[in-house]
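Just so you know, the sequences run in chain order A and B. Residues 1 to 269 in my numbering are what the first sequence spells out, letter by letter. Residues 1 to 79 in my numbering are what the second sequence spells out, letter by letter.
If you're looking for bench data, these hints aren't it; they were derived computationally from the structure. Computed from a prediction, not measured in an experiment: that's the story for all the values here. Don't take every hint at face value.
[Unchecked claim] Interface residues of chain A toward chain B, partial, derived using beta-carbon atoms under 7 Å:
id : residue
1  : Leu114
2  : Ser120
3  : Pro165
4  : Pro166
5  : Ala167
[Claimed, not checked] Beta-carbon label-pair distances, calculated as ranges:
id : chain 1 : residue 1 : chain 2 : residue 2 : range
6  : A       : Phe243    : B       : Trp22     : 16 to 26 Å
7  : A       : Glu58     : B       : Ala72     : 49 to 59 Å
8  : B       : Trp22     : A       : Ala167    : 45 to 55 Å
Every residue, glycine too, gets a C-beta built ideally from N, C-alpha and C.
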Amino acid sequence: VSVAEPTKTAQRRARARRFRRVDRSKLARWGLSIGLFFVIWELIGRSGAFIAIVPASEVLPDLWHELGSGDLIRATLGTLSIAAVAFVIGAVVGVSFGTILGVSKRWSDVFDPLVSASFSVPISMFIPVIAVYFGLEFKSKVVLVVLFNVFVIIVNTATGIREVPPAVIEMGRAFEVGRLGMYTRVILPWASPYIITGLRIGLGRSVQGAILADLFFRTQNLGLVIRNAAGSFDMSQLLASVFFITIIAAGTMGLARIVEWRLLRWKSG
Amino acid sequence: VVAGVRLGFGMAMKGMVIAELWVLRGTGRLLETFSSSPRRLDLYYALVLLIVAIAVGVNEVLKRLERRLRPASRAIEGR
Numbered sequence: 001v002s003v004a005e006p007t008k009t010a011q012r013r014a015r016a017r018r019f020r021r022v023d024r025s026k027l028a029r030w031g032l033s034i035g036l037f038f039v040i041w042e043l044i045g046r047s048g049a050f051i052a053i054v055p056a057s058e059v060l061p062d063l064w065h066e067l068g069s070g071d072l073i074r075a076t077l078g079t080l081s082i083a084a085v086a087f088v089i090g091a092v093v094g095v096s097f098g099t100i101l102g103v104s105k106r107w108s109d110v111f112d113p114l115v116s117a118s119f120s121v122p123i124s125m126f127i128p129v130i131a132v133y134f135g136l137e138f139k140s141k142v143v144l145v146v147l148f149n150v151f152v153i154i155v156n157t158a159t160g161i162r163e164v165p166p167a168v169i170e171m172g173r174a175f176e177v178g179r180l181g182m183y184t185r186v187i188l189p190w191a192s193p194y195i196i197t198g199l200r201i202g203l204g205r206s207v208q209g210a211i212l213a214d215l216f217f218r219t220q221n222l223g224l225v226i227r228n229a230a231g232s233f234d235m236s237q238l239l240a241s242v243f244f245i246t247i248i249a250a251g252t253m254g255l256a257r258i259v260e261w262r263l264l265r266w267k268s269g
Numbered sequence: 001v002v003a004g005v006r007l008g009f010g011m012a013m014k015g016m017v018i019a020e021l022w023v024l025r026g027t028g029r030l031l032e033t034f035s036s037s038p039r040r041l042d043l044y045y046a047l048v049l050l051i052v053a054i055a056v057g058v059n060e061v062l063k064r065l066e067r068r069l070r071p072a073s074r075a076i077e078g079r
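This is chain A alone, in the form it adopts within the complex (with noise of 0.2 Å):
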């Protein structure tokens, strides 16, 4: 313990070194975008070209005060839980099929073509027969989400799977490793960072779903938000909640990312 000690203390104080020392230069970058971003919002805000447009300090206390009253949060809540379980659907499903379409070339044969296909088709054109099939509630809005972000979690799982290299399965025959502990313990934490950017990326287009479907079923939370401000042509408002909306989508997004490089931080040792 008294050996390991000090390297650890010196493998801490490094890596903390260089947190700040990258952490500086990014923030200050960021910074400089952020302000840039505010005061080209401002000065064309002010400038009256576009009506559509207020500026940023109209807008802001705007957002404070929705904040403030609960109801945004309870808008962004309501959302974002309709993307979480539309979310798990989706990757339960996701992982499930694309593990399957990975290890197997016949199926993945016969349906390779309907998935590829399927990132290029708009997912929204099913929003008027979701709606006949399964009303304007939750049902229906979790279905689209789950539209929304299964295919790219399928994509990823079996791409993942297929990259697994033939060397990696005949060590693990080597050592003996069962049918089930091949899956389990070789082939898909390997597969692990193809899956777990598939899942990233699925919750990303899950919250964009969410609030899709916020909008055309039932108009509730976020999409309520959005078009109660529309239609009152209430702009201060209306960017209020899309800036909050940005903001949330920014902040799952980064989230996913930490938990992704905290989940993968094993393989770049």
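We have chain A already, so just place chain B on it with the hints.
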């Protein structure tokens, strides 16, 4: 560049359908009208198939173009 155009086209198709469903014009209006009547659901699915065919078709053409141009870009890279 071609990969960017391909991804951009996909996004444009998706945006177009969402926008037209929102304002109920063009394709969006047709999708909404056909799906709201059980007798015209066949037309709805025909329209869906047409949109899928256009989206997948253009995507495939651009993919092939991308593959064809790859050796040229590698040759430039190697110079």
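Now the hints, each set against the structure:
no.	hint	in the structure
1	Leu114	10 Å, violated
2	Ser120	4 Å, holds
3	Pro165	24 Å, violated
4	Pro166	26 Å, violated
5	Ala167	28 Å, violated
6	A:Phe243 to B:Trp22: 16 to 26 Å	20 Å, holds
7	A:Glu58 to B:Ala72: 49 to 59 Å	52 Å, holds
8	B:Trp22 to A:Ala167: 45 to 55 Å	52 Å, holds
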